[in-house]
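> If you want the building blocks of each chain, they are given just below.
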Amino acid sequence: MLHEMSLNINGETYPVVVKSHDTLVRVLREQLGLTGTKVGCGNGECGACTVLFDGAPVNSCMVLAVEAQGHRIETVEGLSQGGDLHPLQKAFVEHNAVQCGFCTSGMLMSAKALLERNSHPTEQEVREALVGNLCRCTGYIRIVDAVLDVAEAGS
Amino acid sequence: MKEQTSNPVGKSVPRVDAFEKVTGAAKYVDDMAFGPTLLYGKIVHSPVAHALIKKIDASKALALPGVKAVVTGQDSPTLLGLYLKDRYIYAYDRVRYVGESVAGVVAISEEIAEQAAKLVEVEYELLPPVFDPYEGAKPDAPLLHPDLGKYEVVNFIFPEPGTNVSEHFRLRKGRVSDAGVSDEVWAQCATIVEDQYTLPQIQHAPIETHIAVAQWNPDGQVTLWAASQSPFAQRDLLAQSLGIPHGNMRVISPYIGGGFGGKAGISIEANVVLMAKAVPGHPVKVRMTREEEFVATNVRQSLVAKYKIGCDKDGNLLAMDLAYYFGGGAYNDYGVNIARAAGYSCTGPYDVPNVKGDSYCVYTNHPIGSAMRGFGMPEIHWGLEQIMDRLAEAIGMDAADFKRQNCVRQGDTILTGMTMPNVDLPQCIDKVKEAIGWGRVSKPSAPHKRRGKGLAIMWKAPAMPPNPGSSAIVRFNEDATLNVYVSGQEIGQGAFTVAAQMAAEALGIPYEWVRVSANPVDTKYSPYEWQTVASRLTWSMGNAVKAAAEHARGQILDIVAKYWGEDPADLDIKNGVVISYKSEREQSLKKMVVYGLPNENFEGWQGGPIVGSGKFMPTYVTGLDPNTGQGARAVVHYTVGAQAVDLEVDTDTGQIEVLKIASAYDVGKAINPDLVMTQIEGGAVHGLSSAFEGMFFDAQGRLRNPSFVDYKLATSLDAPREIHGDIVETPLEDGPWGARGVGEHVMVQTAPAIANALYNALGVRFNHLPLSAEKVYLATHEGEELTCKA
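If you read the sequences in order, they're chains V and P. What the first sequence shows, in the working numbering, is residues 4 to 158, in sequence order. What the second sequence shows, in the working numbering, is residues 43 to 832, in sequence order.
If you are wondering where the hints come from, they were derived from the structure by calculation, not from laboratory data. All C-beta atoms, glycine included, are put in the ideal place defined by N, C-alpha and C. Everything hinted at is true.
Covered, in the sense of this in silico footprint (three residues per stretch, anywhere, with C-beta under 8 Å from a C-beta of chain V), are these stretches of chain P:
1. 240–249
2. 297–309
Label pairs and their calculated CB-CB ranges:
3. P:H490 / V:V20: 55 to 61 Å
4. V:E70 / P:P486: 46 to 52 Å
5. P:E816 / V:G36: 43 to 49 Å
Below, computed lysine-lysine pairings styled on DSBU-like, alpha-carbon distance capped at 30 Å:
6. P:K110 / P:K319
7. P:K566 / P:K633
8. P:K69 / V:K93
9. V:K22 / P:K69
10. V:K22 / P:K160
Could you put the whole structure together from the sequences, leaning on the hints where they help?
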């Protein structure tokens with residue numbers, strides 16, 4: 004069955020026609036060309052496809068596109084504003100928290116959600132917030148440090 | 043341009059790829075657009091571990107609306123392989139593991155392809171399987187490859203036809219024979235440890251699964267887009283196996299979402315090319331699901347290792363008798379060289395007078411064992427580095443002192459007869475001892491917990507053919523910015539960044555002026571690179587980049603020298619300006635690197651667009667005697683290092699918390715020290731994770747844990763709170779600025795370091811990975827009543 008609807012992504016409204024079983028990540032990537040969000044497992048186990056759903060981190064491979072109607076979706080493409088990197092993006096660059104880059108978008112989105120609900124997390128809280136985002140390259144240390152740096156700078 | 047970094051080699055300049063990656067702009071294969079003619083492929087996998095194929099019936103699949111083609115091994119039985127051509131692209135007469143490609147379905151959507159794949163009917167006649175490499179190597183084991191003697195093989199690999207042994211490497215040094223080390227030598231030993239250690243297969247688990255898109259045009263032009271560490275090797279293998287002229291076979295590879303060796307050599311790519319051949323003109327995309335990634339792509343080999351090692355009363359190692367049985371899985375086209383690498387480095391980083399080593403790659407009915415970060419070294423060090431601790435303990439010596447006393451040093455004649463190149467392993471040991479607080483005992487955080495420290499050392503040489511080549515091109519733009527063309531892949535290690543640093547340094551221009559034009563690598567336009575493997579890029583590709591930059595520099599100096607009427611030897615390029623030490627004149631590179639310079643009185647011009655090219659290939663590696671493994675130069679060089687671990691183990695749950703890992707590696711020269719640190723940190727956590735990972739199969743050879751729920755990778759909560767790194771810099775003779783590789787070494791000895799710390803904490807030895815909480819718990823509660831008391 005096809006559904007004609009609109010999605011609110013990074014503050015923009017996108018009219019789309021989706022199938023009932025289309026996942027949100029599929030529509031983001033294959034219909035709208037928002038390929039910054041990655042697919043690592045398709046089963047909600049790796050976190051590469053993390054986007055924000057009304058501010059909360061979700062695995063967009065586990066959300067149907069039709070469920071997203073009427074909700075605020077944020078992806079990595081919406082992080083930088085007016086050509087300036089988001090403080091988290093800046094911190095990831097400065098800390099060399101990026102290697103292959105495939106988990107990076109999901110990490111950034113989980114971190115953004117954390118800082119929005121808790122602007123001064125402890126190291127343990129940062130680690131807990133990122134536990135659903137697997138990274139095989141970095142060993143996580145730089146990522147955690149980058150998030151803590153942004154939290155401190157915002158205090 | 044805001045910042046100008048002169049002489050960037052040795053400086054921690056920012057990564058060239060970071061901006062693209064944090065904004066989501068970086069393109070990986072699945073992010074590329076292929077237009078409306080794109081079709082989707084699905085591989086039909088064998089559900090059985092070992093069987094003859096009696097019949098394949100694709101009629102039901104072909105009848106499904108939307109299905110465009112089904113390809114099988116019967117269509118064109120084609121053998122494929124890097125070192126040993128032992129694998130049909132699609133199974134021909136038999137299957138050898140659960141997950142093997144039996145057929146490929148092409149359809150207008152991924153869903154239809156998946157549905158059609160289930161409709162392909164295959165009739166199998168089951169054969170007895172082999173799962174254990176030690177048992178599989180016996181002469182009476184069921185034979186997996188009856189045609190082993192007929193396969194094409196490179197001249198340094200020695201299969202044993204009529205058995206399941208695809209490679210047997212023999213190392214004989216000192217007073218040894220094929221029967222073993224001389225009894226007289228054993229009689230001199232004050233203590234001998236003889237034991238067996240094992241490791242299961244593990245998965246690379248890159249977050250991006252394997253993906254490939256292929257298009258076979260009616261005019262014979264074939265293009266493959268692949269997440270690949272080896273675009274040129276894949277082009278060569280596909281061209282050879284499919285009879286395509288190399289010039290018609292094009293491989294394009296953009297950023298890769300993690301490789302770790304799993305995307306080296308060739309995996310699903312040939313299957314996709316054959317699918318595309320069946321639907322001329324259409325691109326066909328195949329992306330592996332996470333489950334397929336686990337069972338149907340490459341994995342790390344398993345190992346059954348038998349050690350007998352002795353030392354004298356003063357702690358001097360006297361003899362090693364080693365037998366390594368690598369579980370190579372169903373096809374060993376790449377894996378044979380892992381067993382060979384483990385053979386010529388079988389002693390680990392130790393100077394031992396008498397060595398008998400036998401390293402076997404053995405076919406089993408499990409997934410294909412192939413290259414993985416460390417290439418045989420994590421496997422053999424797992425047992426070696428624990429036995430060293432046991433020997434030290436037996437003669438009453440500190441384990442770190444024992445290792446320091448016996449470790450290889452520059453100038454030693456090592457096991458293969460080669461002279462040990464310049465490295466400083468004792469310094470690495472000293473650094474990690476200091477960083478971990480060696481010898482000091484920390485208090486556990488609770489009464490039911492125990493603390494322990496452990497240390498392990500390692501060596502590893504790049505394992506590759508004797509002559510893998512690199513090449514590079516540099517090209518100036520009008521404003522004197524420079525494009526560097528390489529085909530080393532940016533798989534996260536920072537290859538592009540160090541290439542830019544080296545080009546800037548060798549040319550005398552600021553780092554910020556350099557752009558790396560290697561994304562994607564395109565075999566049609568990019569210079570040749572063998573493969574992004576073996577920690578070889580900084581060294582080999584680096585030498586090519588340096589040569590290309592020097593070539594360009596020479597051209598510039600010649601033009602300016604002529605313009606000024608001076609000797610090029612008096613000129614230099616500093617910060618993008620040609621200067622003369624003699625006349626103190628200056629000439630900006632801007633414009634002149636494209637337009638050249640006018641002659642006096644405008645009487646013509648000279649120069650022109652500056653393009654530099656460079657290459658590098660090691661020319662000095664020699665063959666080894668097939669009976670003894672002896673030869674003048676077995677490998678290009680070794681990188682060495684030490685690691686120490688501080689951990690706490692919970693005796694109530696068996697859970698291990700690694701609190702700190704300290705590492706030190708001799709990298710020759712850190713081109714970008716912070717990027718070296720990111721390898722040290724990421725590798726330590728990869729190594730830690732590997733100690734707890736394992737692929738578990740049922741009795742029929744089916745993988746029981748093909749997901750991240752059942753196959754756990756280290757998460758942000760498992761990573762140690764502290765990872766300390768020390769960089770040792772003993773320059774490598776033929777390394778650019780002295781640099782040697784470090785990408786793989788950083789995880790080689792983490793698992794045995796953890797095991798040694800665990801022994802320190804509990805007094806219990808673990809010979810078999812993974813170090814599951816259950817195993818640790820049971821070992822610490824041996825003999826207790828363990829039934830549930832609730």
